[in-house]
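Protein chains: 4
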Amino acid sequence: MSNPEVAMFGHAAYVVPDMEKSLWFWRDVVGLIETERTDEAVYLRGFQEFEHHSLVLMRGKPGEEAYLHHAAFKARRPEDVEAFAARLRGLGVNVENVPAGTEAGQGAAIRFFVPTSGHPIEIYYDMDRPLSPKEIRSALKSQTARKGLGISPRRIDHINLWCGGFPPDETIAWMSDNLGFKVREYIELPEFQLGAWMSVTPLVHDAAFMFDANSKGARHHHIAYWLEEPTEILNALEHFAEHGIKVDLGPGKHGISQAFYTYLRDPASGIQLEIFAGGYLIFDPAWEPVKWEAHEIERGLFWYGDSLDPTAEPDHPFMPTIGVRAGG
Amino acid sequence: MSNPEVAMFGHAAYVVPDMEKSLWFWRDVVGLIETERTDEAVYLRGFQEFEHHSLVLMRGKPGEEAYLHHAAFKARRPEDVEAFAARLRGLGVNVENVPAGTEAGQGAAIRFFVPTSGHPIEIYYDMDRPLSPKEIRSALKSQTARKGLGISPRRIDHINLWCGGFPPDETIAWMSDNLGFKVREYIELPEFQLGAWMSVTPLVHDAAFMFDANSKGARHHHIAYWLEEPTEILNALEHFAEHGIKVDLGPGKHGISQAFYTYLRDPASGIQLEIFAGGYLIFDPAWEPVKWEAHEIERGLFWYGDSLDPTAEPDHPFMPTIGVRAGG
Amino acid sequence: MSNPEVAMFGHAAYVVPDMEKSLWFWRDVVGLIETERTDEAVYLRGFQEFEHHSLVLMRGKPGEEAYLHHAAFKARRPEDVEAFAARLRGLGVNVENVPAGTEAGQGAAIRFFVPTSGHPIEIYYDMDRPLSPKEIRSALKSQTARKGLGISPRRIDHINLWCGGFPPDETIAWMSDNLGFKVREYIELPEFQLGAWMSVTPLVHDAAFMFDANSKGARHHHIAYWLEEPTEILNALEHFAEHGIKVDLGPGKHGISQAFYTYLRDPASGIQLEIFAGGYLIFDPAWEPVKWEAHEIERGLFWYGDSLDPTAEPDHPFMPTIGVRAGG
Amino acid sequence: MSNPEVAMFGHAAYVVPDMEKSLWFWRDVVGLIETERTDEAVYLRGFQEFEHHSLVLMRGKPGEEAYLHHAAFKARRPEDVEAFAARLRGLGVNVENVPAGTEAGQGAAIRFFVPTSGHPIEIYYDMDRPLSPKEIRSALKSQTARKGLGISPRRIDHINLWCGGFPPDETIAWMSDNLGFKVREYIELPEFQLGAWMSVTPLVHDAAFMFDANSKGARHHHIAYWLEEPTEILNALEHFAEHGIKVDLGPGKHGISQAFYTYLRDPASGIQLEIFAGGYLIFDPAWEPVKWEAHEIERGLFWYGDSLDPTAEPDHPFMPTIGVRAGG
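If you read the protein sequences in the order shown, they are chains A, B, C and D. Just so we're aligned: the first sequence equals residues 1 to 328 in my numbering. Just so we're aligned: the second sequence equals residues 329 to 656 in my numbering. Just so we're aligned: the third sequence equals residues 657 to 984 in my numbering. Just so we're aligned: the fourth sequence equals residues 985 to 1312 in my numbering.
Bound conformation, chain A alone (with noise of 0.2 angstroms):
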């Protein structure tokens, strides 16, 4: 039997302590689509998603803060949940087994906690995939919805998790070594490891680990949904202007990653959101990760645009993160 893969980032999953509130800017002005609505959660995706959601609100409690409760991968084939809660368990890691239907849609998975920086994580694979309502269906048969939503995110991107007052050295080779992560891009500095871009596909990255200098324990900085072309960033940055939704950071381009970007955040439960456009793909087995050194990090980090020197202004409202559930 073939070792267990991972196939993509498929979801996260966050606590949010005013659903009503938070789904006005996931749902109505960022545009995702509702697929399915219970009394603990919603579930949104993207116009050109086929999966059941890629981003779940859990309805938490009034005044409490928001936290993120899960970051789901996809496994390559069926039988690789039960293969990674296996070896994980071999690893002495403790893996919770979650029922088919816990989250709706989604079959039987597993959920664990980086032994190295407590970042929950859920291994599925099983997951409904549910047309769009008529109204809204796509005649391209290759996207379940019509561009034109909101800002039209097209799918989930990536998720950014921070790893605490340590450098995320050790995260960074258990992911790889346990999930089969590969590092894309990194910063090295001359005394650790700043952060890496890490991925099981062609993305720069599915997720990356930073480096927290203000924090400690497992925090999460962002998730991130792409969109095809700067103009609609743009397009988008125009809509919450209207809206009366000021951005962090952004309009600008990463040099790491190549993202023409623009970072918000849900004004209800303070989660981030990236939105980007453009990156570039990484096919190629030999590809050698890209090195950034400290003289280097201003082009990496922001290539041009609206930026910040992150040592500088740790207060800058594109600095600050939430937390993790607990338990890592």
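Hints listed in this document are in silico derivations from the structure and should not be mistaken for laboratory results. Incorrect hints may have been included.
[Claimed, not checked] Quick list of in silico lysine-lysine cross-link-like pairs, DSSO-like style, CA-CA up to 30 angstroms:
#1 21(A) <-> 182(A)
#2 1166(D) <-> 574(B)
#3 797(C) <-> 574(B)
[What the hints assert, rightly or not] Computed Cβ-Cβ distance ranges for the label pairs, DEER-style:
#4 640(B) <-> 847(C): 31 to 37 angstroms
#5 285(A) <-> 970(C): 36 to 42 angstroms
#6 417(B) <-> 126(A): 52 to 58 angstroms
#7 90(A) <-> 1297(D): 28 to 34 angstroms
#8 287(A) <-> 617(B): 42 to 48 angstroms
#9 465(B) <-> 1023(D): 46 to 52 angstroms
#10 790(C) <-> 285(A): 55 to 61 angstroms
#11 694(C) <-> 624(B): 42 to 48 angstroms
#12 465(B) <-> 1066(D): 31 to 37 angstroms
[Unchecked claim] Derived contacts from chain C toward chain D, CB cut-off under 7 angstroms, selection only:
#13 661
#14 663
#15 664
#16 732
#17 794
#18 797
#19 798
#20 830
#21 896
#22 911
As the structure is a computational prediction, the values presented were derived from the model and not from experiment. For every residue, glycine included, the Cβ atom is placed at its ideal position computed from N, Cα and C.
Starting from the known structure of chain A, arrange chains B, C and D on it as the hints suggest.
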């Protein structure tokens, strides 16, 4: 030992009758970057490519018709080249060993003809990754040259091969069974399958195999380079108009693959080039191939824009093809 | 007292046989904003327009053919309306006084038929400038509504009128001599002038007057709305494809006017709409009209993209026209 | 005889201390086209400009600070140049006659200083319209050169002048009363008018006059060239990043004027350049100037994107200015 795998489409090599005139098109107008020139061939690549070449122009005899010498796919692991050779020989396929250096920049490789269609294929792994000359080298470490030469083609995307006067079903099956290509979209007519878009990557296709009502034997329809945004395709159309080059079809958008396309030919050799932007990515291992039936073909082929009726316009400039190396 | 002057093209009014179906096209699909509705007519405008309307749909009889009721130009000064009336009457032109309120939102105006071609023209000055309803009003003070309705047409741009089966030279001269229109570009055939693009503003044309091989008498070819970028035209094509509307021509770029165009018709009335982006502006009073001769027509009409041969395809959907109000 | 009128903003002339270094910026990087070079000056224009020049770089002394020599406006009619001279002299303004050929390609002109602010103005009419060299000439007859040099600036758009340590009200009134400029948008603070965007064309501004808290006397803030689409600004940012040039502000979008902007300086002279795309046009003679009050300034100045607080960041690279020719 695990099964050998194909990782990506790497390059195509063509024999052309007039090297200097073809270089005017591919290098001076289109803007591919020359990485090496030998007595027999010129090697080119796009500004975001690290491998030594994605296009090889091989010196043919004056007046000779151009033809595809081989389409080259990169194996996932170094040892997969030899493993493919062994497996194919086991199937009775005549596999040629290609010593390192036969193609500049490339290590040992193998070549063979697809037994069901006669298309010439190369499988390689080792490939030099030369730096670009300083005057065009990018300050962005994830690309080898600056944007801005010609129409700024980024990277090779796919090859479209025509299977002669019989349905491509057998070839599609052979590519799937032996090289691991997955069908992403296909056209199913009442009598037979008209063609399929297949990939080993998240791209909709690394290679397409199509029925060809007008020919017997393997043909080559086009090679495709990817540009990021539709705006770049429009700039390219402006550029071609200024250089007196008429395109064959475009701009328009395919339903299948969602490519915003334009097609044109090297005036000196007749090799057809598709430049396209957009498209979509398939990360989901549970992807179900998109099936287009007779009544949907028009929308599938031409979602909007400059189009033609392939059944009614077999002499349209878009339709003609060139041959492939004999031997299959 | 100085000579009366035309300041701009303001709106076009059409009689349509099926108001609700036409509104589906112009308002619900295209996204023009309804500013007022009376028993006789519905008034619409783009999101960057301050005047009460740039398009009037007038209720016709079911089954009747649609026709242009009038093309309205705004005078530079309030007193110019009366001055134009006096001057035109002095030339023997039959000038109709149109009392304030005849057209909702509009003050006293005059109407007449161009004596050389029979096209119905209105000249007005006073026009209401209503606010948009709050739910679509823009936070940007230089536009009346938010971007994002339908395909987001910004503002009316020009009207294209066909002069029947004789050269448009006389009409072009009449518009120049009496209304101050300047020729910006024109096509000169060996036998006659095929058409001219004329303006009183820095736009390449506020109105074009063209030869029409297939008709006798004045016709209307299209009305044009301006969008900012080619990307918006592509989004519109996506939008039309999703709504099952086939466009007649486009996308492509005219050499003349540098417009990135797409043409389509209101399915209910046959009125042809050009949506375009780009173009260029002429500020220089010393501008010399650009002359296109027979051997250059192809490039002048179709610099790149979806095109046709007007002499060979008189039945092409792009070519048909609608009539104009009788009386000229 | 009718009143003399200004038709458009034609060019700006600057004295620069290091001609070759400034040419590297304006010609080699930005991509303005050199049309003539004399011992004293180099003349440049954009690819869609027909006049001999829109930018003049005049050879200054090494080490000298760069300054604006004059901003040149084209009169509507040849006789208006002399008519303006007569009118201005009647007002007591010292008007200099500039013989034909003083500026290469230009006929007889006049120069004077705005009496309320000291800014140096030229009014001309006659100007050569040279063809571009064949190797860059466009096949499109409405432009003089091909797109594709540097960042492809199309045409000069406006000039932004600072009025020193007192409100610009008087200058705004003078420009309106004597040169026919209309206020299109303006900022009204409780105590004074902060600045106005004024034009004689449908552009939002041909010239802007602003308050300058930090200086006494006339200053020059920036000269602006127009590019068509936001995508072209992003390409320019890519281009500047590759050439090691840091921009001062951008990309972002002004509320006032709707310009999608980026600002940067010629490293050799400090002359600030705005490149922008978009904007809107004002054809309506009944346009009411858009007024922005204190609580709206932020939105007016920075609708979205890279921004600053002008009151808090007077030393921001975007804020510094250069002087103007002494004499006013």
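Structure-based check of all given hints:
Distance check on the hinted pair: residue 21(A) and residue 182(A) sit about 37 angstroms apart at the alpha-carbon level, beyond 30 angstroms; violated. Using a Cα cut-off of 30 angstroms, the hinted pair residue 1166(D) and residue 574(B) is violated, with the two alpha carbons roughly 46 angstroms apart. Restraint check for residue 797(C) and residue 574(B): not satisfied, since their Cα atoms lie roughly 44 angstroms apart, outside the 30 angstroms limit. For the pair residue 640(B) and residue 847(C), the beta carbons lie near 35 angstroms from each other, so the given range of 31 to 37 angstroms is met.
Distance hint for residue 285(A) and residue 970(C): a CB-CB separation of about 58 angstroms, inconsistent with the stated range 36 to 42 angstroms. For residue 417(B) and residue 126(A), the Cβ-Cβ distance of about 40 angstroms falls outside the hinted range of 52 to 58 angstroms, so the restraint is violated. Checked against the hint of 28 to 34 angstroms, the C-beta distance between residue 90(A) and residue 1297(D) comes to roughly 58 angstroms, which is inconsistent with it. For the pair residue 287(A) and residue 617(B), the beta carbons lie near 28 angstroms from each other, so the given range of 42 to 48 angstroms is not met.
For the pair residue 465(B) and residue 1023(D), the beta carbons lie near 37 angstroms from each other, so the given range of 46 to 52 angstroms is not met. Taking the beta carbon of each, residue 790(C) and residue 285(A) are about 56 angstroms apart, inside 55 to 61 angstroms as hinted. A hinted range of 42 to 48 angstroms for the beta carbons of residue 694(C) and residue 624(B) is consistent with their spacing of about 44 angstroms. Taking the beta carbon of each, residue 465(B) and residue 1066(D) are about 56 angstroms apart, not inside 31 to 37 angstroms as hinted.
Hint on residue 661(C) is violated. Least Cβ distance to chain D is approximately 9 angstroms, over the 7 angstroms limit. Look at residue 663(C): its Cβ gets to within about 5 angstroms of chain D, closer than 7 angstroms, so that hint holds up. Interface restraint check: residue 664(C) against chain D, minimum CB-CB distance 4 angstroms, threshold 7 angstroms, status holds. With 7 angstroms as the threshold, the beta carbon of residue 732(C) comes within range of chain D, its nearest partner Cβ sitting at about 5 angstroms, so the hint holds.
The restraint placing residue 794(C) at the interface with chain D is violated, with a minimum CB-CB distance near 10 angstroms, outside the 7 angstroms limit. For residue 797(C), the shortest C-beta to C-beta distance to chain D is roughly 5 angstroms, which falls under 7 angstroms, so the interface hint holds. At a threshold of 7 angstroms, the smallest CB-CB gap from residue 798(C) to chain D is about 5 angstroms, leaving the interface hint in force. At about 22 angstroms, the closest approach between the beta carbon of residue 830(C) and any beta carbon in chain D exceeds 7 angstroms, and the interface hint on this residue is violated.
Restraint check, residue 896(C) versus chain D: the minimum CB separation of about 21 angstroms is more than 7 angstroms; hint violated. Checking residue 911(C) against chain D by beta carbon gives a least distance of about 6 angstroms; that is within 7 angstroms, so the hint holds.
Checked against the numbered hints listed earlier, the structure breaks hints 1, 2, 3, 5, 6, 7, 8, 9, 12, 13, 17, 20 and 21; every other hint is satisfied.
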